[in-house]
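Q: Fit chain B to the supplied structure of chain A, relying on the hints for placement.
Residue numbers (this note's numbering), protein chains in the order written: chain A, 118 to 228; chain B, 9 to 122.
Calculated from the structure, these hints are not laboratory results.
We treat Cβ as the ideally placed atom computed from N, Cα and C, and that holds for glycine.
Watch out, some of these pointers could steer you wrong.
[As the list claims (entries may be wrong)] Selected chain A positions facing chain B (Cβ under 7 Å, derived; list incomplete):
id, residue
1, F151
2, L163
3, T179
4, P198
5, K215
6, F218
As a plain string of letters, each chain reads:
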Amino acid sequence: QKEVEQNSGPLSVPEGAIASLNCTYSDRVSQSFFWYRQYSGKSPELIMSIYSNGDKEDGRFTAQLNKASQYVSLLIRDSQPSDSATYLCAVDAGGYNKLIFGAGTRLAVHP
Amino acid sequence: DTGVSQNPRHKITKRGQNVTFRCDPISEHNRLYWYRQTLGQGPEFLTYFQNEAQLEKSRLLSDRFSAERPKGSFSTLEIQRTEQGDSAMYLCASSSDRVDYGYTFGSGTRLTVV
Numbered sequence: 118q119k120e121v122e123q124n125s126g127p128l129s130v131p132e133g134a135i136a137s138l139n140c141t142y143s144d145r146v147s148q149s150f151f152w153y154r155q156y157s158g159k160s161p162e163l164i165m166s167i168y169s170n171g172d173k174e175d176g177r178f179t180a181q182l183n184k185a186s187q188y189v190s191l192l193i194r195d196s197q198p199s200d201s202a203t204y205l206c207a208v209d210a211g212g213y214n215k216l217i218f219g220a221g222t223r224l225a226v227h228p
Numbered sequence: 009d010t011g012v013s014q015n016p017r018h019k020i021t022k023r024g025q026n027v028t029f030r031c032d033p034i035s036e037h038n039r040l041y042w043y044r045q046t047l048g049q050g051p052e053f054l055t056y057f058q059n060e061a062q063l064e065k066s067r068l069l070s071d072r073f074s075a076e077r078p079k080g081s082f083s084t085l086e087i088q089r090t091e092q093g094d095s096a097m098y099l100c101a102s103s104s105d106r107v108d109y110g111y112t113f114g115s116g117t118r119l120t121v122v
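Looking at chain A on its own, in the form it has when it is part of the complex (with noise of 0.2 Å):
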């Protein structure tokens, strides 16, 4: 069974603050990783993908990628109450068929 886990939250940060969401996935053969953002009631949205090791920076935000600890984390530098949201990790399943998600981290921004 492969997996995608994240601590469900909530996580709360002050805005301004540095908000870091983690992931790990349990297969091994995964090469795609990628953030989604969900606001309440909508769909998700694309916001980072990575696929090597090392960090990738976009704007505000820093995917991670560490394939020996199968691990992903997403930074968000000067968190702003707009980013309070929920942050949906997913991880392609091999053969780039499809991908799996986890059950998303509730990210809370208070000013």
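A: Relative to chain A, chain B alone:
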């Protein structure tokens, strides 16, 4: 292209009735996926199509569920004899040939079975 379109946005039905949802993917995407999401959970894979071929179905997809993608364009998901446990958000997503480029999701259809 305005993205992935799903209809209806909301559906309330009585237990035992049949329902059908429609998804129009991004036109240049040949892969189409259906997922189901319940409160507090991530999206769960149901099925996927490459063009008109249904290449994978989850064991979550009981024989009451059927999906089609005629001509490789829009797709429909039908649930027969709905049960209260079918209440969920049904999400459609599309992607190019390589899912490692990620999905684009539609707005979803929220089904409530009463």
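Q: Does P198 of chain A hold up as a contact with chain B if the rule is Cβ-Cβ below 7 Å?
A: Result: violated, 22 Å to nearest chain B Cβ.
Q: Have a go at the F218 of chain A hint: is there a Cβ in chain B nearer than 7 Å to its own Cβ?
A: Status holds, d = 3 Å.
Q: Measuring from the C-beta of L163 of chain A to each C-beta in chain B, is the shortest one below 7 Å?
A: 5 Å, holds
Q: Let me know if the C-beta of K215 of chain A comes in closer than 7 Å to any C-beta of chain B, holds or violated.
A: This interface hint holds because 5 Å falls under the 7 Å limit.
Q: Does the closest beta carbon of chain B sit nearer than 7 Å to the beta carbon of F151 of chain A?
A: 5 Å, holds
Q: Less than 7 Å between beta-carbons is the criterion; does T179 of chain A satisfy it with respect to chain B?
A: 17 Å, violated
In this structure, the hints that do not hold are numbers 3 and 4, in rising order.
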